[in-house]
Amino acid sequence: MSRYIATRAIRGANALVKEAELMLNKALAEKGPDTKVSFPNTAYYLPLIYGMTGIAVEKLSDLQPVVKHAKILLHPTPSESHWTPYLGETLDSGMATLLAAEAIEAIRFVYGQQPEPIPGLVLAGGTSYPSLDTSENGHGGHLNGPIDDIQLRTWGIQLVDGRMPGFAAIVGAAKSNEVAVKIVRELQRRNILCFLSGNVNGRSIIHQLMEEGVELGYDTYTVPFGTDTISAIYALGFATRSALTFGGLKAGQAREILLYNRERVFAFVLALGEVDDLKYAAAAGAINFGFPVIADTIIPEILPTGITRYEHVVSMPFNEIEGADDLERAERLVQKCIEVRGVKVKLAEVPVPVPYGSAFEGEVVRKNDMRVEFGGKHSRCFEYLYMAPLDEVVDGKVEIIGPSFDNIPSQGHLDMGIIVKVAGRQMQEDFEPVLERQIHYFINGASGIQHIGQRDIAWIRISNNAADKGFNLEHFGKILHARYHADFGAIVDKVQVSIITEPELLQQWLGKARTAYDYRNKRLADLTDDKVEEFYSCTLCQSFAPNHVCVVSPERLGLCGAYNWLDCKASFNINPTGPNQPIRLGKVIDPVKGYWVGTNEYAKIGSHGVVQEVSMYSIMENPMTACGCFECIVMLIPEANGVMVVSREDPSMTPAGMTFSTLAGIAGGGLQTPGVMGVGKFYLLSPKFISADGGFKRVVWMSSVLKDMMAEELRAVAIREGDPDLIEKIADERNVTTVEELLVWLEEHNHPALMMEPMF
Amino acid sequence: MPVEIPKDKWPGSVRTVTIGALPKDGGTRKCTVTVGGETTMPFLHYEGEIPNRPVVAIEIMDRQPDDWSPLLAEAWKDVMDDPAKWAVAAEQAGADLLVLELSLNNRNGEPTTPDEAVSAVKSVLAASGLPLIVFGPGQAEADNALLVPISEATKGERIVLGICEDKNYRTIVATAMANDHLVSARTAMDVNLAKQLNILISDMGLPLDRILMDPTTGALGYGIEYGFSVMERLRLAALQGDKMTQLPMIVTPGYEAWKIKESKVGEGVPETWGDWLNRAINWETLTAITLLESGADVLVLRHPESVKRVKRAIDELMSAKELV
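Residue numbers (our numbering), protein chains in the order written: chain A, 10 to 769; chain B, 2 to 325.
It is worth saying that the hints were derived from the structure and are not from the lab. Fair warning: there could be bad hints in the mix.
As the list claims (entries may be wrong) - Pairs of lysine-lysine residues, derived as DSBU-like cross-links and limited to a Cα-Cα distance of at most 30 angstroms, are as follows:
(1) A/K27 <-> A/K77
(2) B/K25 <-> A/K487
(3) B/K25 <-> A/K613
(4) B/K168 <-> A/K259
(5) A/K596 <-> B/K25
(6) B/K25 <-> A/K259
(7) A/K353 <-> A/K386
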């Protein structure tokens, strides 16, 4: 914590608590200790005081212990010359400030000084003051003061259920009226509540908005509390009541209430204009709630996280914000606030002129119905997603660089690159390929659009129908922006898309993309089981195989082939209570067979006690169970001292005397059957493929469809195993369907399995 | 030779959940219903405790339903267009508690308004002193729009609000928390999904003893074995000590059994199917009793005759403990 801030906050707190004390003494003398004290229409007394101290203030004398408590929380300002810790002191002073501020507002109510009068304002919905609001002027002639319980319930529910992402307590005045309006509009656009208070040299954002004719009140989600800083306390009273109402918390549970707000109420303070002692003190109060402070002036920053989720105090001097004009700067400022508090913004739907939904994913666009295509035989299409720092991504921006397809003849083609730049607090480089692969599903969801392939072999068609409805290149970007937010909001905060058709730039980006693809391939190849500390569970299939659990490691993907270790990691980050949970490996028990303390423990829990131990690398001893979704079945052929691998796509007879479908009954159902295992086909290529039993050289028979599908990869495995002709030595259903034939084949081809140690 | 019956000693138990609040506790109910508390699989009285008997709720609607079987209309006659009268009739038919389901549209075919929904709930609460469960129309937006004002208008009654689903639970849970109600959490026949939803709901701060879980089911002959085994597994997990599955289960055999052809259709079906009414009631009864055996704590039924039969079955299953 900056000593400068600490000094000013503590000074501000001392001053305000003193003021509260003087005001209270004066009020006690003038009005008497039994004078009623309350905020309008609330069952929570003075809510912040009630929540933090448990004191239910009903009359003036009840405020005495509150002020006393605030005084205890005060500290002397940090010494100029000696270093002492002062974060705790500053936070305490902040709390003292809040208690004092609420006491002051309560006393002002006693004197009729709250709600603050302001001529000419008619609120569009607000707290009702029967004595002030006559039938002619409605909610007129005064600011709102505290929010009442009715509105608290309406907004509180929306804050809890996520319809409303958070609230902004705006204190001070913006650079100009124009900027004030822009800031509020940007917040409103995102459904973020705006609470207005404070001033700079007498001018408040409330004045600015009134002059510009902006409607203020409950109905427009902009609530003017008061034109001084003290009235900002109503925002924290609102936050406290949210915790009491929707968090099931009780008055006096200060710590729990503060934590509730930190974790669940996405609020922040936006300080506009000069920050004085009192504002520092109030900001320190807000930090207690986990609400960070963003200032548009130069102030010392507090960037390390701790009380707040990310930074505590961020300075973003308005004139230094990048942007063509003040309006763009205002937009950036709001964007920054949202990032600092980690507010997640939701998009209701995918804005495209054609129907959109997963029902359209499998749609095929035939040549005759096609308006234009990208990729395929005649052109090139690639897609590339990468992460960038938060301030380098403009969320929602879709840029088209180069010509559109307007001048391309019907059924013609065009080169295109789709570049997606994402940023997010929880984003990791490892998630790039996971997210990039989603482009296929996302784009396919649009009716009349077909997407095939990935990376630099992507192939996209736009149908005549879709083009007639106005579908153009920009919509690819719109789709991606909306869907990444909707499906991956937990890890992605900002998405920017560039669609490139300009030939030279396209070549440049293609080069960059290919470098990245290579890098990722290498990263994947380097990602081995011994380099990580956790594997992931996958219980997605327990709905029909209740006791089966996949243990997914970098070198052993899920048996369905759809989930590798990176997918599981991303899935866990997106959905922490979901089907993919990290399994801490802990102590290794047997590195060859692949036993760890962690995997064994998890096997027991995940299988509900059915499986006691699981070996990651053996088919003979405690093999991993299977649900039924496996791409291949690996099965021991005892006579051949090896295993066969049958593909799901192979309907023919195998040397085991059973076809795939019969074998599936033995392999599935979550039971451990030594000698039988369901696996994903890419596991065959892994150096860890039944490595405890001799590895890939044990494969004596393999469905030809696998040999064809993975010809190149299998050749590489053969070389790795030191037997370049190995694949040719492996029999398949075209030449061998019985054990007798198999043995003859193996002898003829001199298969290494015959010379290996017995498998059991 | 004496045969020793093997007994399991389970480390866990099902939570007890109380629905409804008496006047002394801030509600207006004349009785409350408490379910759960089992320390053994269904009705194994020799092995553990089954402190609370399973209960039967009768499903009523806020107005004459559009798509219910004529057999049900015959059974309830003219009370069906008045939720208050229907509630009284249901109570007389032996319901332990009531389920009021709100229609998506009102009698005029326009979306049910919050005021209409609130007044339907209030009329039921005024007419019958039984504890109440309220289900929204089952569409996220409509559910939220109707259940929130109902929840506020009935603060403290400990009503069960439903239906919380994966995509739509936050609003309902929030309003239940703010107004001292309970919720019903529904997932589609999957142990892990059920557990996950319970985790998500309790993460919001709602205590677990204010949640019922609805694992959903199919009617007899329509996937009931699937539902049965999901419920059985949930209960086994609960008894093994998994906190997030230790909630009492509510199921809707009435809804399931009355939507299938065998109970819905009376004409043009094979003669061997026998008497229509008899068949339909048997179907509902058998569906319900099967689910009872898999661990259901609250059964939601529609026909008064089924209610009678299911309650008789519960009597017998519960009195079996005297035989031990």
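Against the structure, the hints come out as follows:
A distance of roughly 11 angstroms separates the Cα atoms of A/K27 and A/K77; the hinted pair therefore holds under the 30 angstroms criterion. For the proposed pair B/K25 and A/K487, the alpha carbon gap of about 57 angstroms is over 30 angstroms, so the pair is violated. Note on B/K25 and A/K613: the hinted pairing is violated, with a Cα-Cα distance of about 47 angstroms set against a maximum of 30 angstroms. At most 30 angstroms may separate the alpha-carbon atoms for a hinted pair to count; B/K168 and A/K259 meet this at roughly 29 angstroms.
Between A/K596 and B/K25, the direct Cα distance comes to roughly 57 angstroms. Violation of the 30 angstroms bound is thereby established for this hinted pair. The suggested pairing of B/K25 with A/K259 holds, with an alpha-carbon distance near 21 angstroms, which does not exceed 30 angstroms. Taken as a hint, the A/K353 and A/K386 pair is broken in the structure, with Cα atoms around 41 angstroms apart against an allowance of 30 angstroms.
Of the numbered hints listed earlier, those contradicted by the structure are 2, 3, 5, 7.
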